[in-house]
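> Sequence:
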Amino acid sequence: MSYEQKPKVFSPEEAQAALGRIRDSGVLGSKSRIQKLLGYLVQMEIEGQGEKLKAYTIATEALGRGSDFDPGTDSIVRVEVNRLRQALEHYYNTKGAQESLRINIPKGSYRPRLHAFGIRPPGPGAKPGPGAKPGPGAAPESVAEAALDEASGDAPGHASGHAAQPKAGSWSSHWFAALTAFATLAAVILVTLLLKPGLDPGAPTGPIVLDRTHQLDRNAITVAVLPFRSLSDSARATQLSGGMAKELRSSLSRNQALSLITNIPFNEGTSTEDLRALGRSGQVAYFVTGSVQELSGSLRVAVELLDGTSGEVIWARTYPEDSPKVEAFRDSFVMAVSSDLRPQLYSASKRAISAKDPNDLSAWELYLMATWAPGEALSSLEWEKERIELARRSVTLRPRFGQAHAVLADKLAYLAAVDPPSNSHATLKEALFHAHSAHELAPSDADVLFNLAIHYWHVGKIGQATRSMARVLELDPSHVLARILVETFPYTCSPPPDEVLEAAIAYDAALAPDNPVRWVTLTWVSMLHLNRSELDLALAAEQRTHQIFQTPDTVLRMAALLNGLDRTEDARVLIEAQRRNWPNIDPGHFAEVTMPRRCHEAADAEPTLQLYRDLARDADPG
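Letter by letter, the sequence shown follows residues 1 to 622 in our numbering.
Since the hints were made in silico from the structure, they are not lab data.
There may be inaccurate statements among the hints.
[Claimed, not checked] Per label pair, the in silico range of CB-to-CB distance:
1) 385 <-> 25: 51 to 61 angstroms
2) 94 <-> 14: 16 to 26 angstroms
3) 52 <-> 323: 50 to 60 angstroms
4) 106 <-> 362: 52 to 62 angstroms
[What the hints assert, rightly or not] Within a straight-line C-alpha distance of at most 25 angstroms, the following computed DSS-like cross-link-like pairs (lysine-lysine) qualify:
5) 52 <-> 107
6) 385 <-> 36
7) 54 <-> 36
8) 356 <-> 325
9) 95 <-> 356
10) 52 <-> 95
Where a beta carbon is used, it is the ideal one built from N, C-alpha and C, also for glycine.
Throw the hints in and build the complete structure from the sequences for me.
If you want it as structure tokens, here you go:
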């Protein structure tokens, strides 16, 4: 006899109860934006209006945006839904692990999906209810738990070494056999397709042994770089793959925000589930895997960044050979992949932290949430002030935390530059206090010195900003933004020589197309063209910048360019569109305060300053 298991249909009451348990768990935060968002999405779905859940509807009905909301320029819906997805994933991996009704939001859609999880047919194979203990020979709930139990000597049936099996010929024996076959097939597919990062020849074979003594460092991003595998028999591919992981770890370890986990006994017996078990047990947040292949005489290196808990591929890129010498290619590869991984790791970590209860965050987690991360940030006065409050909370928890002081120095100086009411003596004095504190407390931290360099740049100390950025590169040569800013800072308001402009263009072109820091490189290309009075070229670069991210700085630069090209009305429209997020945006403040402050060390800044003065005059509707 066959049994067909039909999808379970949940009542609105059951859905609301599940929603209540998520709220009560604290993962959405107290009175947070994503808590309101989840309630709205679920209510729309159970009322049969899920098809109406588009970006405009969500923004205006759930997130407080007005009727002039434009999803093309305001990313609030995408950002908040991504935060909500992360919060739900965290809940179901922790407090909600036993939930039978689960709510998720598939990528590419804003409609919530309410579905049954873990349904089993009745009979001997059914899962015990909450609080029930498995029988002496019961199978563990998951492969991860089996691995953890085995490592600790607590596996069910450990004394006899055999788990009880269903009786032959019974209904549950067929169910057991099907599950076993499915699990075996899934393991083979996953290991074959997802995890071919290479083998350590000296590592023992057999299942991975989990070290339960190490727990996730709440003061760093924990990363394990696994050995790279050669997919070709060629000597060059083997030579390149050998030692690649070690050199990449060495490069990444220069970043004090990263904690490199090296004692991973990765070998042929290691499965995808073994790695996920490490992530779920709180030992490794992210894995970096890679492979080397030679095709038609040319080497290619493929790299993947995996989420330690889910095994999901967060980011991937293939690097083609750029030098006939293996050693030279290895050096350039390590530099390139270190630069690419940095923003991806920061963004992924911030997404994971955003799913936690804000009241439970450590000082370091608050600091990381206060930093700017491409792809996760919103460009708005409200958002920036929220980041400042996060950094202040971090300093309250750890008064001598240099990283948090550096973020405050950067952000307070930034607001003084782009928000006229924030340009007060008290704000600038507070920014200077935090800059001095950060330098005193963490003078050898590359991230601290980077934030200080940006602080100095905002307040017009361009020489000091350049020296600080040079020190960042000494400490972390792969710092993706320091590598271009150390060359361009001296030309903040001055026309650059050809070689500086060409190098900036080449650096931007060498970045991966999806690298989120490209809005910074592109806006600097625009600035360099502007300072050479090449307005058409500057506008073209700034338009590409705006496809990725916009700030008051980039908006007013683009408006100045439009005005300089006799497109004054377009400049006015652009500025007005920003008032939703930056209500105090003011070309006059930029022309009279921000740019003179920023350019006072430059002897040849007059053409650039005049461009902004012209904008302030022409864009004024009066």
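> Which hints from the list above does the structure break, by number from lowest to highest?
1, 4, 8 and 10
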